[in-house]
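**Student:** Fit chain to chain and form the complex, with the hints in mind.
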Amino acid sequence: MEFFKIKKDIPFMSYGKLTTSISLLTFILALFFLFTRGLNLSVEFTGGTLMEVQYSQAANLDAIRNKLNTMGLDQATVQNYGSSKNVMLRLPNKKDVNGASLSNNVLAALKIEAPDVQLKSVEYIGPQVGKDLVNSGLMAIAFVCIGIMAYLALRFEWRFAVSAIIANMHDVVIILGCFAAFQWEFSLTVLAAILAVLGYSVNESVVVFDRIRENFRTIRGGTVSDIINNAITATISRTIITHGCTEMMVLSMLFFGGASLHYFALALTIGILFGIYSSVLVASPLVMWLGVSRENLVKQTKRKEEAVV
Amino acid sequence: MTKFPVWKYLIIIVAIIVGLLYTLPNFYGEVPAVQISSSRSSVQIGDDLIKKTTDALLTQSVQPQGEVFDGKTLKFKFKTTDDQLKARDIIAQTLGDNFIVALNLISASPDWMSKMNANPMFLGLDLRGGVHFLLEVDMDAAIKKTLDKYVGEIRRDLRNNQIRYGSVAVDNGSSVLIQLRDEATAAAVIDQLRKDLPKLQAVKDGDTNVRVVVSPDEVQKIKEAAVKQNILILHNRVNELGVAEPIIQQQGPERIVVELPGVQDTARAKDILGRTATLEVRMVDDDKPTLTQSLNGNVPVGEELLDEPNSDGSMTKLLVKKDVELTGDNINDAQAGFDENGSPAVNISLDGTGSSIFKQVTGDNVGKRMAMVLVDHGKSQVVTAPVIRTQIGGGQVQISGAMSVQDANDVALLLRSGSLAAPMNIIEERTVGPSLGQENIDKGFHSVLWGFVAIAVFMCIYYMVFGAVSVVSLGVNLLLLIAVLSMLQATLTLPGIAAIALTLGMAIDSNVLINERIREELRNGQKPHAAIEAGYEHAWATILDSNVTTLIAGLALLAFGSGPVKGFAVVHCLGILTSMFSAVLVSRGITGLLYANKRIKKLPI
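Heads up: the protein sequence lines correspond to chains A and B, in order.
Taking our numbering, I'd label the letters of the first sequence as residues 1 to 309.
Taking our numbering, I'd label the letters of the second sequence as residues 1 to 605.
Bound conformation, chain B alone (with noise of 0.2 Å):
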């Protein structure tokens, strides 16, 4: 048997070293604490915040057990879940609105592990509990909104050129139509907006129509910009539900997914991101005949008849103009608050634009009812129709009806947060309980464990000292598997412990083929050194073309797989691999350390 060379064993030794120093934060629990994280990125934490939020703490005489900063959020550690809940209420009171607070749990190792990023194993959803959306966006209302905003450009282009149009409107949802008087005035739109608005194309159809069409490029990058727009958003009102490690990520073309760890309250969190609220300001026609008339089925061409809830939840029939004022993309800020009377109220205030439009509009409608509208799915309620009593200047508005403390809150919440480029659907949710996430890490761990302990006492009994060999080159794969998993901070999820579990059942393929291989040369007479030499050697080969194939099948899942599959493939690729080092050249060192320098008559195998 020829000598295994030092520096295989320096590799043995320095895998098996860094494997045990990035698995060792795993065993260490995690505690509470809460994450400080600034929602705007003109506002920085520093070591002043960091000071007065201890300060503000201590005074409350909540004591933080550390902190932990890196670079952009902070994180208190506490003793208990008390403290931890007291510590947010506080911290959010100190720092205000500019500043995310959420309450996460963070892992216990010391502080030079987290240095040297050897942190947990990140656990999926089904292990931790909390929700799963995949969000598909609506891209066809997409483009629609977009022609809308197009149609609003082009009469006003053509309102200020002084050209008279008979009606321009987004025709099947892909172009827009103007209808003009003549031949001549067509042709002189279409100047007019190749001038002006040099992004759209306008063509002539039929004699005095002229159609915008959208290109297909346009169209491409209306749908980006959709999805884009809607993930920003997410990111917003995520941010505003307090969750401290949120995953917010396009798949594919037309899908965001969004995971929310911790999160239980799902009603709450789905409203919240599916919803497209916008405000809109538009005036209520109070003329009791024709109010009449609509009720009765008449509804006159500009206006539509609407819902307003009062206090005692009922609703009353509005009748509202179609013409939109002032949209919710003027708000430049949105707080919940109380009314003079002491109920519910949405504090808005405008941006510049916001506030001349509607300085003008309440100065043209003193003595006149204004409807605040909030469309939201498609569908529009009047919030409340206050009556003007004086122009009102300077961009605050107040909006209140009969809403709760939660509506005001939520309302506020979604205007803030700005509007979706276009409406989502949830095509895909998974919601996992808390108590069910233990459930499945103990179920993985035990399963894990106690198929380990099989394996392990058969191959001791079964082929002894080699059995052993086996065993511990199998307890080096599991070690570095899992050294692995933490070091790329790969998510683990229920069917990646289901694969760890496997991945080690299909590992110990290896040392018994080496074993078996063994046993056979020493049948053939060969001698104990010569036997194992050649058991090795022999083996080599086959095991690698058999972890190639299994390779495969992992790599195809990975490719494909989607969700729990993913998570699968990952783990059982990474341990495919791990499995090949330690099998392979971990038993080989031992034995070697065993049996190099010795006369052996007879091997214990």
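Same shape as in the complex, but just chain A (with noise of 0.2 Å):
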């Protein structure tokens, strides 16, 4: 079986204006959610207190609501999840409440009304913990930043490296874009699965920019676009099962995984439908303005066989 069977290459690289200003305009609506709704961050950032609780039937949320703001504390939020059974409750930290404490004053005054309401979870980050995690994570993409157009511009060139990290780069901010404009929870383990959705795509980039190395080596002639376009046809049906199967690995854990990997799955899979598209139709054109040619790679090849040999 074969999906994809081109005969002659895609013109990929004349639409390259649309696409990078397709780009262009979701990174800019990205932005746009990013400043005015802002990330929905989790307690892992922000400090405070998540519990989980399960009662033995449907849980009444106003009771529980009313319990806490007689408690002092009425910025809690109290929502279902998964079941009617369950009940997650969102403290944030305050000045002059011993936060490691709360959950058991909470838990206790619970108890009082509904003596079966079991302690499933808790979470409990200080105010200190959350700075640290914010730079560290930071420092994290900082690193894969670095670390990936250092071994792009070695392996490659220079121009390679800046688009991939370009194009690569504009779908974390999608990625983060969607988290803001729906509101999703943006939790540690979400900042995980950016980090490798963006070695992901990234990767699809090298496949790419390896064929287009190739083709400017065994490929007479033909102008830079031809030879990319070439290269994209190409890889392209390769892209587009390896990310297949690993979107059903993705769909998989979204499906099965429950709450706890429910956004961990959403932003790989926004992560891996967009690095597709922005590895192939973005970081190809902008590698073709930045103005590369055959003598940048040819050279460096041969270079590089020598060492090899």
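Below, in silico cross-link-like pairs of lysine-lysine (BS3-like), each with a Cα-Cα straight-line distance of 25 Å or less:
#: 1; chain 1: A; residue 1: Lys94; chain 2: B; residue 2: Lys379
#: 2; chain 1: B; residue 1: Lys602; chain 2: A; residue 2: Lys7
#: 3; chain 1: B; residue 1: Lys270; chain 2: A; residue 2: Lys67
FYI, nobody ran anything at the bench for these hints, they're computed from the structure.
**Tutor:** In structure tokens form, the structure reads like this:
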């Protein structure tokens, strides 16, 4: 079986202006949501207490809210998750309240009215920790960008490095934009997903770049744009099959992984979809506009071969 | 197509055998066990202890299903959790205080496997339930405490050398200020302190004052010592709680991670870990008019009003002197028990110094009341304030008051395990109930399973025989990944399982690359064998490149991630490495087996 029997090269580069403008538009839209709505950060970043409790019957959310109000926790959010028996309580950190003992007090208060309530999990993050996590998260992103750029510059050429990183950072912004637009919860696992997907979509660009380099060596004549078109057409089948397979795994996590993996899988899904788009249709035109030529690459590869032999 | 060399086949076979061996323990499940370890380094576990315990169990008709002894801890396996609970009580009774007896689950895999270190993966708290705490040591308090100690030393030194001083007190939290009569005395004090307490830096401050400052090096040392001492004490306390496999580690300069798998009563765990209880013995001022005045707000200098709980839960105010006669540092042992009236009490035995001080204090104050003050988190509370009827020698002290059996046990535990160098605050907590742990395992397992099935079905349809080869090599990848995780005993968490799924989803990329390349070569008119050869060869450079970029992201997560992210990153990085091996070498090996010596007209791809 074969889905993609493409006889002639598809002129991707002539759509370059169109595809990059679509990208630019989504990028601006994502930025807009990021700035107007902001990210719905999880307790890991903001600090606070997250409790999951389970009742033996459907929980009365209003009663729980009232109870929390009488305790002076009027900023708490109470909601169901999974089923009507499961309740998630989100309690922000307060200056004069000892956060560490808060969950015990709340559970004790809930037990007065419903002795059957069971604590499923507690997550308490003090204000000191949240800041550290934000810092280390930003450090990780910076490290990934620099690391990948350095590798690509070494292995290919600076033009490839720059366009790959632009294309893929714009994926990251778009994922963040989606999370801001729909106010999905942004947690540490989502951050992990984003970084994983960053490495993964760069690898997509690498496959195309590899092919471009090879074409420069093997195809005599032809413009830069023809060569890139050929490279993308030759790899498009593999691109879609690979991402399809990865997406199957991610969807499996989305369906079977439960609440804890939900946003993780969601971030991956967006990342994979935009990853295909940007690494092929954004990174390649960028390389062309940055003025890549046969001389840039063929020289490099020769040196590499000597090193191997 | 060149022949795939025999040594590469050997590598593949060895890898698969080792992989199978180390993956296998994960399928045996777990049996309930009781774990015994020594609470003191002087007490060792040996054959006689194993025999003694086994005999005790057998006389109470509890049949252990075998024992595992690794030189440090002894574990007895049992058939049911009922047996396990019964056995724990029996063992705790037989062995007494010198051993920690805790419930645990151990792998049901055969002994020869555990002997070669083939153990199941180490599950994180989110998969097996338990508590995780991140504690921050209050360093200001640690330094203050050290300074307080210096104040005492300086006073004693000056008194011994008959130098008269105005006051010695901690000034603005980082130095000690000594006020003196005149310049000459100040000079004498500096000389004296340099001689007797050389680790302190005494300098003149104004004409008649001497300031003792603590050097930055010393501050650093105090901080390090505080964290170390707190870790030690946390160990003692956790041991007393009876947790099977606790993790207590320093994280950064001022933080300590405590993980207690299986602990469900987090309120109690938190209470025990965070408490800074010290016991102070002070004298009570029972002068009626002074007490009335104090209740009206005129507390005399050097005294303070403290609460004493009554048996009905109400509080009585008591006027207590601030001078501390004796502290918990002089306690050798503390045990919960009962007093002569049958109410719960704590029996304390003091060390040599403590005994002689206590003897002197009680001798000097017969007929007066003495308060046992428990200082906990900066709050002082009188536990009991008995009248001293006679001088007490021998260092045996009993404190009893309005407390329950549980209170007595907790107080005894806290006094026994020593006091923290400085108070600690819980700045992060994660609690996962056991049912949620199992749920997470099931969800993670199903995600991997169905994702794998979907990919397998698709690959077999799309690439036929070569798809099947890819699926087999993906299976080998999974096998090796689990084997490596089991071998390294890396902690597996739910994000870790997610990383297994994701890594498998990404690993198939290498096989797709190879298969697409072979198809392309065939399209360009290559012969089947040459196409396979060229496909693998051309794809290799791309696979390497793409895996390196993914690995860079993985390493960044490993370096900067904490908690759940780290669990993800470890598995992700390992998965990338195993996938390079299996996707390239294993699949190439299988293709070699299938086609190397055959004439083929058309490849099933």
